[in-house]
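Visitor: Protein chains in written order, with the working numbering: chain A, 1 to 191; chain B, 1001 to 1141; chain C, 2001 to 2169.
By construction, these hints were calculated from the structure, which means they are not laboratory data.
Any given hint could be a false lead.
Calculated cross-link-like contacts (lysine-lysine; reagent style DSS-like; alpha-carbon spacing at most 30 Å) [what the hints assert, rightly or not]: (1) C/K2063 with C/K2078; (2) A/K54 with A/K109; (3) B/K1111 with A/K15; (4) C/K2114 with C/K2164; (5) A/K20 with B/K1111; (6) C/K2078 with C/K2114; (7) A/K39 with A/K50; (8) B/K1065 with A/K50; (9) B/K1024 with B/K1111; (10) A/K70 with C/K2164; (11) B/K1139 with B/K1093; (12) A/K5 with A/K15; (13) C/K2063 with A/K20; (14) C/K2114 with A/K5; (15) A/K109 with C/K2164; (16) C/K2164 with A/K5; (17) A/K70 with C/K2136; (18) B/K1065 with B/K1093; (19) B/K1139 with B/K1111; (20) A/K39 with B/K1111; (21) A/K54 with C/K2136; (22) C/K2114 with A/K15; (23) A/K20 with A/K50; (24) C/K2136 with A/K50; (25) A/K109 with A/K39.
Below are the chains, spelled out letter by letter.
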Amino acid sequence: MSTTKHARIGEEVWKSRVDKVNAELVTLTYGSIVQQLCKDLEGDYTEVNKQLDKMGYNIGLRLIEDFLAKTNMGRCNGFRDTAESIAKIGFKIFLNITPTVTNWSADNKSFSLVFEENPLADFVELPDDGRAQNELWYSNILCGVLRGALEMVQMQVEAHFASDVLRGNDSTEMRVELIRIIDDELPPGDE
Amino acid sequence: MSFYFAIIGTRDNPLYTYEFGTSKSGGDGVARFREDQRSMNQFILHSSLDMVEEVQWTNRDLYLKTVDRFNNLMVSGFVTGGNIKFLLLHDQKAEDPIRQFFTEVHEAYVKTLMNPFYEVDMRIVSVVFDQRVRAAARKYL
Amino acid sequence: MPIYSFYIFDRHCECIYTKQWHEAERYQSAAAATARRASITSAPDGVSLPQAPGRLSVQDDAKLIFGVVFSLRNMVRKLSGPDDSFISFRTNGYKLHYYETPTNLRFVMLTDTKMSNLRAALHQIYVNLYVEFVVKNPLSPVEHPGGVGVGVEMFEYGLERFIKSIEAE
Chain A
1 MSTTKHARIG EEVWKSRVDK VNAELVTLTY GSIVQQLCKD LEGDYTEVNK
51 QLDKMGYNIG LRLIEDFLAK TNMGRCNGFR DTAESIAKIG FKIFLNITPT
101 VTNWSADNKS FSLVFEENPL ADFVELPDDG RAQNELWYSN ILCGVLRGAL
151 EMVQMQVEAH FASDVLRGND STEMRVELIR IIDDELPPGD E
Chain B
1001 MSFYFAIIGT RDNPLYTYEF GTSKSGGDGV ARFREDQRSM NQFILHSSLD
1051 MVEEVQWTNR DLYLKTVDRF NNLMVSGFVT GGNIKFLLLH DQKAEDPIRQ
1101 FFTEVHEAYV KTLMNPFYEV DMRIVSVVFD QRVRAAARKY L
Chain C
2001 MPIYSFYIFD RHCECIYTKQ WHEAERYQSA AAATARRASI TSAPDGVSLP
2051 QAPGRLSVQD DAKLIFGVVF SLRNMVRKLS GPDDSFISFR TNGYKLHYYE
2101 TPTNLRFVML TDTKMSNLRA ALHQIYVNLY VEFVVKNPLS PVEHPGGVGV
2151 GVEMFEYGLE RFIKSIEAE
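Could you put the whole structure together from the sequences, leaning on the hints where they help?
Guide: Pasting the structure below:
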């Protein structure tokens, strides 16, 4: 599928088939989750990242079904097609943003998503404790969502943030790498 | 004209202070309080809290206008819905510009409050907030 | 036109939902005469119906059906590329309709031989019933071993109504 077609599908589904919810509600809900995790885990930001990723993973496992139901899409035609679908349709219909797909590796197995805007991180300033700026990936839930969603469509990926404007970086960039295609499971042998 | 601005929390604790001068009619934005006066500013401002608490229940608006006077100085107040007080010490009457200033600071304050890592009554150390207040001061006062 | 049965298989090849209708009409034999009309069973309970002679249990039926659609699907893909999939097949006694999602959920329906293509209907069941009432139910588990969380009230009700509307066409 061509790039513009992805954008068109994303736009159309967003307009006609998505229930909208107040953006501040989402931002505040996500914010209080992260903040509570930081509190409960006593500032162990590595663990916070891990928990956010896990939560995202569980969301992704379900979200993919909603994605497929809404977009009526079939299987992607290669990993590049997958990347475009994630950016132009997935992020569009669920967060109304379209990150840029860029920095493809030579073997076409990993790419970056660069976020111009990030509704999860509106209003956010990381705690000024000298560590959060280096350790916390505030929007790490998104990595988990991608990991979970792609696993359901037989792609095992690794996703992590490489930079975040909240940390003072110039851009927010997520790196996604295809580890392997998961084979279809075979039915257990008849006893 | 010189100004002294403070945000006071719900337990009468200071959250943020900023001293500045007018930027209108060629002002350079630097406060010119007399040295002996400067140390009194905080005191005057905080002593007007009683007046604010009196006025806030008789006034429907968040902006309480001038609530207190001390010699040639005036204190204007603004109370947010969450009972956070904005107080501005000034030496000349300027009702409308101060209203605009407060409104803009209020907006910036709400945005700060939306930061999940900020809690009510915490000292405001956000650089973004500080910049917004300074911008508002330059723009209106 | 009657619909006989409906199955959902998950990506672990496990049957997570089955439902039968018109058992009696389908097997007009002595045993079937005593079977209740439009009787209902679902896999998790493991309740078996009074069976016509030589009939398998519902669970064995499901296993057989999975074996058939799985092999057929793989064969079709081998013959004409990974994007192809079969839609239905027909025997003297029934017609089997098949729909598969990219997440490897498989929906199968057995109907009367004269039924028109139900692929769209199976897609509807996926979109409007399965995703809405099973996937989006936050209390339902993500995986459904033994069918846990699939046969929820809203899903059952929606399915029943949908099946009736197809049969009435």
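Visitor: All the hints need checking, so say for each whether the structure fits it.
Guide: Quick rundown of the hints versus the structure:
Using a Cα cut-off of 30 Å, the hinted pair C/K2063 and C/K2078 holds, with the two alpha carbons roughly 22 Å apart. For the proposed pair A/K54 and A/K109, the alpha carbon gap of about 23 Å is at most 30 Å, so the pair holds. Among the hinted pairs, B/K1111 with A/K15 is consistent with the structure: their alpha-carbon atoms are about 28 Å apart, no more than 30 Å. With a CA separation close to 16 Å, the supplied pair C/K2114 and C/K2164 stays within the 30 Å bound.
With a C-alpha separation of about 22 Å, the suggested pair A/K20 and B/K1111 falls inside the 30 Å cut-off, and the hint holds. Using a Cα cut-off of 30 Å, the hinted pair C/K2078 and C/K2114 holds, with the two alpha carbons roughly 29 Å apart. A distance of roughly 15 Å separates the Cα atoms of A/K39 and A/K50; the hinted pair therefore holds under the 30 Å criterion. Of the pairs offered as hints, the one joining B/K1065 and A/K50 is violated, with about 50 Å between alpha carbons and a cut-off of 30 Å exceeded.
Pair hint B/K1024 plus B/K1111 holds up; C-alpha atoms about 27 Å apart against a cutoff of 30 Å. With a C-alpha separation of about 25 Å, the suggested pair A/K70 and C/K2164 falls inside the 30 Å cut-off, and the hint holds. Only pairs whose Cα atoms come within 30 Å are accepted, and B/K1139 paired with B/K1093 is accepted, the gap being roughly 17 Å. Restraint check for A/K5 and A/K15: satisfied, since their Cα atoms lie roughly 15 Å apart, inside the 30 Å limit.
Restraint check: the Cα-Cα separation between C/K2063 and A/K20 comes to about 42 Å, which exceeds 30 Å; the hinted pair is violated. In summary, the hint linking C/K2114 to A/K5 is not supported, as the alpha carbons are separated by about 38 Å, beyond the 30 Å threshold. Our distance criterion of 30 Å between C-alpha atoms is broken by A/K109 and C/K2164, whose separation comes to about 47 Å. A hinted pair counts as satisfied when its Cα atoms are at most 30 Å apart, and C/K2164 with A/K5 does not qualify at roughly 37 Å.
Between A/K70 and C/K2136 the alpha-carbon distance is near 13 Å, which keeps this suggested pair within the 30 Å criterion. For the hint pairing B/K1065 with B/K1093, the CA-to-CA distance comes to about 10 Å; that is within 30 Å, so the pair holds. Note on B/K1139 and B/K1111: the hinted pairing holds, with a Cα-Cα distance of about 19 Å set against a maximum of 30 Å. Distance hint between A/K39 and B/K1111 is fulfilled; the C-alpha atoms sit about 22 Å from each other, no more than 30 Å.
Between the alpha carbons of A/K54 and C/K2136 the distance comes to roughly 18 Å, so the proposed pair stays at or under 30 Å and holds. For the given pair, C/K2114 sits about 39 Å from A/K15 by alpha-carbon distance, which is inconsistent with the 30 Å threshold. Restraint check for A/K20 and A/K50: satisfied, since their Cα atoms lie roughly 29 Å apart, inside the 30 Å limit. Between the alpha carbons of C/K2136 and A/K50 the distance comes to roughly 24 Å, so the proposed pair stays at or under 30 Å and holds.
Pair hint A/K109 plus A/K39 does not hold up; C-alpha atoms about 37 Å apart against a cutoff of 30 Å.
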